[in-house]
Amino acid sequence: MVDTQTITDHERWAGVYKLLDRTSRIHPEFEPQEEIKEFIKTCKILVIGAGGLGCEILKNLALSGFGDIHVIDMDTIDVSNLNRQFLFRRADVGKPKAVTAAAFVNKRVQGVTVTPHYCKIQDKDEDFYQEFALIICGLDSIEARRWINATLVGMRDEDNPDTLKPLIDGGTEGFKGQARVILPGITSCYECSMDMLSKPTGFPLCTIANTPRLPEHCIEWASVLEWSNKHGDRKMDTDDPKDIQWLYETALARAKQYNIQGVTYSLTQGVVKNIIPAIAATNAIVAASCCNEALKIATTCAKNLDNYMMYSGNDSVYTYTFEHQRKDDCPVCSNSSTKLDFRGDKTLEEFMDYLKEKPDIQLKRPGFAVGGKPLYLQAPKQLEEALRPNLVKPLKELFSSGDEVTITDSTLPFSLQAVVTLT
Amino acid sequence: MIKIWSMKKESLATAGDKKKPKVSAGQIRVQKDLNELDLPKTMKMTFPAPEDLLNFELEISPDEGFYAGGTFKFSFAVNGNYPHDAPSVKCLQKIYHPNIQADGKICLNILREDWKPVLTLNSVMVGLQYLLLEPNADDPLNKEAADDLRNNRRAFEQNVHKSIRGGSVNGVAYDNVISK
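Chains as they are written, first to last, in our numbering: chain A, -5 to 417; chain B, 281 to 460.
Just chain A, same shape as in the assembly (with noise of 0.2 Å):
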């Protein structure tokens, strides 16, 4: 056993420095400086997500010389995460996921600390995300994705570097993965690339009623018809294995009934709870993409991914680099903000027709809502009767100064937020 304590830094994090050490030729602007060493040891780096990519990401990241490190995870660890999960051993089931995690690895790597935070990501503020250098996600949910990039890009202030928050993006599915580098504002966002996604759709309703030739349609018919009759509208709760026998046995009888074979129990949780089976192998392979991200763009000692890697182990090993470019009309990244002036007394028409003259917005029809309640719209029509009362109104009575008011219009990419504050 060698003594940790004799261990110098640059003998424990010689292979890092063997990178941070030299210039490149490959990346000339690159001068090494102490700082830099000094910098991924002290600089906050957060990390979404404790699951099978998570795990991955914690122990690169401990292992690449980040000292501080947090993670937040709303979820506890289930017997089926231990293949994969290499943080979690078999007493750990029913604890939170962030916790173990973080503990493991401060009792593991010496040097490192990681904070866990159990909860959800939308239970911490911008203030909570300001803190960070960085941020590497390894989540499996769409839902959380979009949150957190729109909360990112809502964050930059151009003028104030310090708002930039890289956001470095892993995911996995079965074989196949892909990592990317989210510069908010500046590169192509979560959002932009949504039309990328092919939904996890279910089968036409019809097939589903009327002609199943899978045993896929079998268990949907189960889970999105039979279901509604028999239990009315108390819920699924896909967790429970008296749901799951329920559904088995009911797809089960009818798919005897067509002549369907293979409708077997986990292949009903499969469809239900839309499990694709996650690959180690893969895991490791797209965290490690994020690490090397992670590392290149908080010590500069290379360029960084520009910026989407994807990566395919179906059919042997395949990844694919390229620019995703921005879209135009997208509606996180695209969106115009601005900042407004104007009287509180003045009523929501006047604001208005003060938005269609005005030279650099030239709005035509807009519609205005303040957090998602409507002030006015032009359309429908049963709608613009029932808020038209609004338009008389004085801006003062219908929102707050400094509050942000989502502005649509035909002539706007997507939306204009403004912040108006009234005077």
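Since the hints were made in silico from the structure, they are not lab data.
A quick note: this is a predicted structure, and the numbers were derived from the prediction, not measured.
Some hints could be false.
[What the hints assert, rightly or not] Ranges of calculated distance between the beta carbons of each label pair, as one might list FRET restraints:
| no. | chain 1 | residue 1 | chain 2 | residue 2 | range |
| --- | --- | --- | --- | --- | --- |
| 1 | B | D332 | A | E351 | 28 to 34 Å |
| 2 | A | P271 | B | E424 | 31 to 37 Å |
| 3 | A | T417 | B | P320 | 40 to 46 Å |
| 4 | A | S260 | B | E424 | 35 to 41 Å |
| 5 | B | L334 | A | D323 | 17 to 23 Å |
| 6 | A | S331 | B | L334 | 33 to 39 Å |
| 7 | B | A357 | A | N223 | 15 to 21 Å |
| 8 | B | A329 | A | F169 | 21 to 27 Å |
For every residue, glycine included, the Cβ atom is placed at its ideal position computed from N, Cα and C.
Since chain A is already given, all that's left is putting chain B on it; use the hints.
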């Protein structure tokens, strides 16, 4: 007193500044979809709560086709993941239609397997109107209605005529949906 008021106002304003309610991309998209709607005369929308843009009803009164003379009500529920997820649409009346089930489920491709985020609320509304103009016997949810349509268009037409006035077809009673 005035001073306290203005101070209170100020602290409210700064609190609002910090915790500005983040509007989701989905909500903005619904606002945009609605604001740019240009509904034909045959469609009417109702908003049970006008401050809630995500839940509303649509009435379609077809002026031609099998279902002319009736007014058909549909509920729309848009979730926060719109437009990644399709809006969830149900028929609120029990009607005799090959592609609409008695409990309101609708077989319209763009509501399920063919939904794409580029589609809008308007696309769905046009789709529903089309379903009333051209019922489709090949994608049945109400199998008897589909068989009737395929085998005897004339009888199907009479069945629709009867059902939308609250009559029974094949032993099943339907709602009276005649326009008022």
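Which of the numbered hints are not met once you compare them with the structure shown? 2, 6, 8
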